Amino acid sequence: MSFNYLSTIIFLPVAGAIIIALVPRLSSRQIKYIAALFTLIPLAISLGLFAAFDRSAAMAGQMQFEEFASWIPLINANYHLGVDGLSLPLVVLMSLLGFLAVLLSWKMNLRVREYFAWLLLLETSILGVFTSLDLLLFFIFWEIEIIPMYFLISIWGAGRKEYSAMKYVLYTLFGGALMLAGILSLYFTTGSLNMVEIAQTDLAPLVTSIPLAAIFFLLLAGFAVKLPIIPLHTWLPDAHTDAPTAVSVILAGTLIKMGGYAMIRISIGIFPQAAQDYAPLLLGLAAVNVVYGAAVTLKQTDIKRLIAYSSISHMGFVLLGIFALGEASLVGAGLQMFSHGIITGLLFAVAGIVMHNTGERDISKLGGLARQMPAIAVIFTIAGLGAMGVPTTSGFIAEVTIFLGAFASNVVSGVQIYTIISLLGILLAAAYTLWLLQRVFFGPVLEKFNQVRDADNLEKIYCAIFIALIFLVGLYPMILTDVFRTGIAPIAALFGG
Amino acid sequence: METVIPNELVWLIFLLPILSFAVIALFVRPFLNNPRLSGYISISAIFGSFILSTWVLISLLSAPGHELVIPDFNWLVIDSAINIHLGLMIDSLTAVMLIVVTLVSLMVQLYSQGYMKGDPGYHRYYALLSLFTASMLGLVMVDNLLLMFVFWEMVGLCSYLLIGFWFHRPAAANAAKKAFIVTRIGDFGFLGAILLLLSQTGTLDIAQLHSLALAGVLTGTVLTWAAIGIFLGAIGKSAQFPLHVWLPDAMEGPTPVSALIHAATMVAAGVFLVARMFPLFEHSEVALLTVAIIGGLTAIFAATMGLVMTDIKRVLAYSTISQLGYMMLGLGVGGIAIGIFHLFNHAFFKALLFLGAGSVSHATGTFDMRQMGGLRKVMPWTYATFLIASLSIAGIWPLAGFWSKDEILASSINNQPILFYLAMVTVFMTAFYMFRVVFLTFGGQYRGGSPANHSPRPHESPSVMITPMVVLAVLAVGSGWFNVTGGFSRFLEPSETHVFQGFFGILAHPLPWVSLILAGAGILLAYAIYSARWLSAERIGRLFEPFYVVFSNKYWFDELYENIIARIVLLKGLFAGIKLFDSRFIDRGINAFFIENLVVRRFFSGLKSFDNRGIDGAVNGVADTTVATGRVLRIAQTGQLQLYGMFIILGILAISLALIFFS
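One line per chain: the protein sequences are R and E, in this order. Just so you know, we're using the numbering used here here: the first sequence kicks off at 51 and counts up by one. Just so you know, we're using the numbering used here here: the second sequence kicks off at 469 and counts up by one.
Hints may contain errors.
As the list claims (entries may be wrong) - Chain R regions said to be covered by chain E (calculated; three or more residues, Cβ under 8 Å): (1) 458-469; (2) 485-492; (3) 528-539.
Hints are computed from structural coordinates only; laboratory data are not their basis. These numbers were taken from a predicted model, which means no experiment stands behind them. Ideal placement from N, C-alpha and C gives every residue a C-beta, glycine not left out.
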């Protein structure tokens, strides 16, 4: 029997959480080291899996590192884990951000024990979503995540934190309820909860209690809240803005990617016909996401809120890549999820440092910081370049792959128009990013910030990790595209792509 | 000398400056912090690139078809369509560009040793110059449209960082942002063309696209739209009407950077792009005509604004836009060789003009010509070289500018008579505004320089600045002679049938005489107004007041774009409307009603207190936020959510742990 790598990755963080929560009289320093250790090992293992992952074309569509155990035989629910080319990069991303989130929280001194316990539980639940191959297990991990997130925002957040936390919970529960209905309908139709098995079944001839398209939309609603798709997006700016820095990083970095991941795995993988039928609608929403999100971003005055709204615009690109239904566009969507995770992760991380060190988050009251915080200015600029898709960063390669793939995709008619509209997004992204950089870092030096300190060594180190990854993917994209392809090729093949 | 350059060394041409950037940014700046070393590393790298570029040129002169084939390797392979290889396309066009870019960049970097001495951002300056040059070199060498776009954007990024080099000055930060955003509007077209070409042909390889266009496979509306999209990119980068507005503001960067932007890198990229994709334009009459018309119109349009500017760099900036218009016109009516020949000559004299302007401001502390004057005596070298460059740009025989400008005029007279007449008027204007600069700056009496300047007596610049100017002056005289017998044209276009008349033979035709007379008239008028003062500048100004108002307000394009479109229509109108819609209608309207109301009422109605006390405020959507927050806070404190959560979590944990241990 082989070693259960995936279970180890998933449950080590929560094991750390339990130790932190239960072992008495731990100093806050010890707690931080425990948290770091219990996130570093999963990171190391997931990197090992990434290296060991079989990228050959023969393995396309095959789950690797699979684990299977009977769980609730009565309803045919199983403890079933596995990763393919689609989920593995997201597992790596989450385990990386999980570790970095601990480093980002190194200065946390409020109710340290609870904070790290919740943070580690959060990591476990998101990792569980990306690795579960059983719909019930998937749903449980999907819902658990609400709880740590609620406490992390409402206790350690800022601003209207209780309001934002509650809003987050309500929206996610709303999506989750519809999703559960979708999962149950699917279960009653097929008698199975195995995602791989259902994906290989032709659902059309089966007798369904409600139309397949309805199941498709029930599930999609849950995913749409997470991604988010306009008009279900309004929880995101509040939650991202009021969450503590490390939680914002995880929210933007991986949590919203659950939506994109599930759309590819379930909405498209299981319901290809419905996906193709309703693709024009979703492509339209994608274009709206991109342009509408960017337009609202341009009007923001709060540094974190601006980054939060830019995520909505960037997730529009993901949606475009997904529902263009071409192989390249889907790979692009995967790349964009990964790339946005590290770029926006870094943006939230440095925005957090700026806010922490200056005590100011209103963009109109900041300015000229490039002289007082030179290292932060450079880091912020690099992250900004990624956000606006400048070549050599991962942002460029992801967005251009989506555009090329979507425009050339012949699965959905009219996709070219939505692609061209979405191109406007990179123009608007340049506008809001450069405006942000100019207002915060350039212009005359302000005396009130003379005592502000620059990034310390720990901050420089974790920022350097983000930056190295942004350029690694930007310069050598095949490190990821080869992996994504093995997972996505069989899904794209459903459309003859 | 017969040895053909090895492939590895060709790669080094753009890798050397990239390496220089990396070494300065990652090693010299953080660990050694020795500014002089940064300068030397950067200059050595570009010097190496220049030597290698010369070798490439020599190799190509004897190579079959003037082309080197460099093997490539995979960069981004996703499916049969997206199959991008990193490879080089070294042909005569590339070789010419390599020489221009490396030589001008080398001169600019040498000059900067004096100009930027003591600047606190010295490391950053040289690191960015290296990256800027490398990006431009990569742009002219790659064999694939997508990679070209990569370098294209890198060039834009570097000019953003260099224009905003003195970022603490709001004007510099604004100009940098403006340059990036305006050129990105053009990039929208370029990227659109890339998408179109890939989806229609399945390739982005430039040589393959050429052959598809030549074979008539790539044709019709697709070809036209692709060519127009590419040209839109060129309009942005090469500051053609109506995206010209960024270039005059770009003078906020250090002056040597302006020299580089205006001569060899940023703006040259657009002209190069059209030349590189010329087979596509050649097979689309509409596209080629668009290039010619936009070029011809921009040439005269920009020249009119150059007539009235008082800032020496602004005059030069408008002159660049105008000359770029000539190049586009040359491409549109004559072909690659004619357009690129003007780019080649212009690079040297325009770089020289900017370096001269920098030298003048180094002495006087200002760029305002109204505060200069009389510098001829104290700055003899600067004066002499600036005069040569001015004569060259004015198109005076036998200086460089004459030859390429004459070719453009000769090609347009038959094809596009209207554009030809406009171009002739532009010849007159060019001579006038350049000599207006010469007389205002160097003639008459010194008018005191900048009020803030602490050394009231202007002085000649150090030899490290003068030497590059002298080298460029030699080229501003002689670079045109490469095509006196058509050598330059034959190198670029084997099929060129243009008749070349030789050094003196050209004077046997009427056209050169007409253009020379027009240029001479322009110089004479400038002399009459600004030197001899036979005519009063004020009287003439009053006479042509409506024109003066229009020109000096730059046709109100900045006003239109920045205030009316960007600020009022978009930011205060459309975007503000969307934001309001987002917060009022979507967030506090629909979402508050359906999600918060339905979820809570229907699914969690058991949680009575939750429902009654907490959500009504948020649900009704109009509630004051503080009230709502207070209510939500109370819900959280009732503890029911925690309870709900704890139940779920404990159950799941138990099951999960059990499974791990028993599996």
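To see whether the hints hold, each was checked on the structure:
1. Coverage of the stretch 458-469 of chain R by chain E holds in this model, with 3 residues showing a Cβ closer than 8 Å to a Cβ of that chain against a need of three.
2. Taking a C-beta to C-beta cut-off of 8 Å, the stretch 485-492 of chain R contributes 4 residues in contact with chain E, enough for the three needed, and the coverage statement holds.
3. Remark: the stretch 528-539 of chain R is confirmed as covered by chain E, as 3 of its residues place a Cβ nearer than 8 Å to a Cβ of that chain, reaching the required three.
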